[in-house]
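Engineer: Listed below are the residues making up each chain.
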Amino acid sequence: MFLKVQLPWNVIISVEDLDAKGLMLQRSIVIRLLDDFACKKATKDLGYFLAVTTLDSVGEGKVRQHSGDVLFPVVFSGITFKLFRGEILDGVVHDVFKHGVLLRCGPVKKIFLSNLKMADYKYVPGENPVFLNDKLSKIGKDVTVRCMVIETRWLEAEREFQALVSLEGDFLGPVSQQVRHITGMSPRRCSLCK
Amino acid sequence: MAEKGGKGSSVPSKAVKSSLKSATSNGASAKGKDDGSGKPKKGRKVQFDSEGLGDGIFGFSSGGKADSLLNKLNLGKGGKGDKTGKAAKSSAPKEPLPLELRVEQELPKHAKCLMDCEATEILQGIQEQMVILSEDPTIKIPVSFDRGLQYAKNGIHYADPASVRRALEPLTQYGVTEGEICVIGNVCPETPDEVFALVPSLKAKKSKLAEPLKDVLAELVKLKKAT
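Taken in order, these protein sequences are the chains called L and B.
Here this note's numbering is used: the first residue of the first sequence is 1, the next is one more, and so on.
Here this note's numbering is used: the first residue of the second sequence is 195, the next is one more, and so on.
Since the hints were made in silico from the structure, they are not lab data.
Be aware that a few hints might be false.
As the list claims (entries may be wrong) - Using 27 Å as the maximum straight-line C-alpha spacing, the simulated DSS-like pairs for lysine-lysine come out as follows:
#1 B:LYS347 x B:LYS334
#2 B:LYS306 x L:LYS40
#3 B:LYS418 x L:LYS4
#4 L:LYS109 x B:LYS306
#5 B:LYS306 x L:LYS110
#6 L:LYS44 x B:LYS334
If you're wondering where the values come from, they're calculated on a predicted model, not measured in any experiment.
Taking the hints into account, I'd like the entire structure generated from these sequences.
Structural biologist: Next comes the structure, spelled out in structure tokens:
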């Protein structure tokens, strides 16, 4: 789910970037903020950092004694992405294993759908392994699957999330890849299919 | 792993501080077969380390509700999961909490949910500025931006997010939360049954929501993007 967040942040401007002209200082603050934001990648509370939208306020600068740099407390708004337990997502399969598939959803690369959580589907080995059910609905590489998030996990070292998902429940399962390819939309959503 | 309870935690309250201390103390048994004792093994790190998955892509620490779920999923080597799964299920101490959306309980302060269509509108606006921004090598764009925008665009059903928000707004008077409204806006449901199936937290309000939901969904159908 996408989040709009408002965050306080400390932007440190080095001496060489300080300029008597106010506009250049503000530019330095924005650039430093964008840089820090991009480097952060993600946090456990807010998810993956996608974009800064506005710089809402800039506080008074404080000189850091040992370096001479100036710290500006700012408040900004931005967009992040985070998965929540119970959420419905559309993930794209990128790896198929005997015990399940790995999906990707936005910036989250490791979403696991266990074979135990798609009980109708059976593993079909081969050069391009897939999971198939008795109605010949296929879950394989590049297939988009609508699923529900069971659990999420934050990995501090990698600064990334992982998730477990399930197909247990109505209205969950693969979205037609063929129709998606043609129209860019799933058949449920595509007006041509109605 | 997440701290006990509290805001911002995606893991239920019984997950596991102690697992951090004893994560590898019993590594062999963690990777090996579940003994099916059914006792919650606090602190045991369970890995998706079966043949098909290669070198342990996942490691969800077990404990509490996650433990019974992970036992059911029968992680670890070998294919004798069925027996151990059943054993674990029959002796699981209690039923796990229902799988329901509780975004508001997990959202930090000053954070608000957005529907995919709303996020697309904002991110596309930034992307349009990207040509100018990319000319300045000092400006960095977050690595997740492209993936986030692509996901938002793929899921988009509506051309006008503001109209969608207005159409869904009446549901708030029936106690539907912002998070639930965003999920409804994202999944583009066709019937009330689909809404209750995909957002089970609304089932408790089914009797009073069913009729207003029909009206809202009818409104959303009109707002769907034409191809």
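Engineer: Which of the numbered hints above does this structure break?
Structural biologist: Violated: none.
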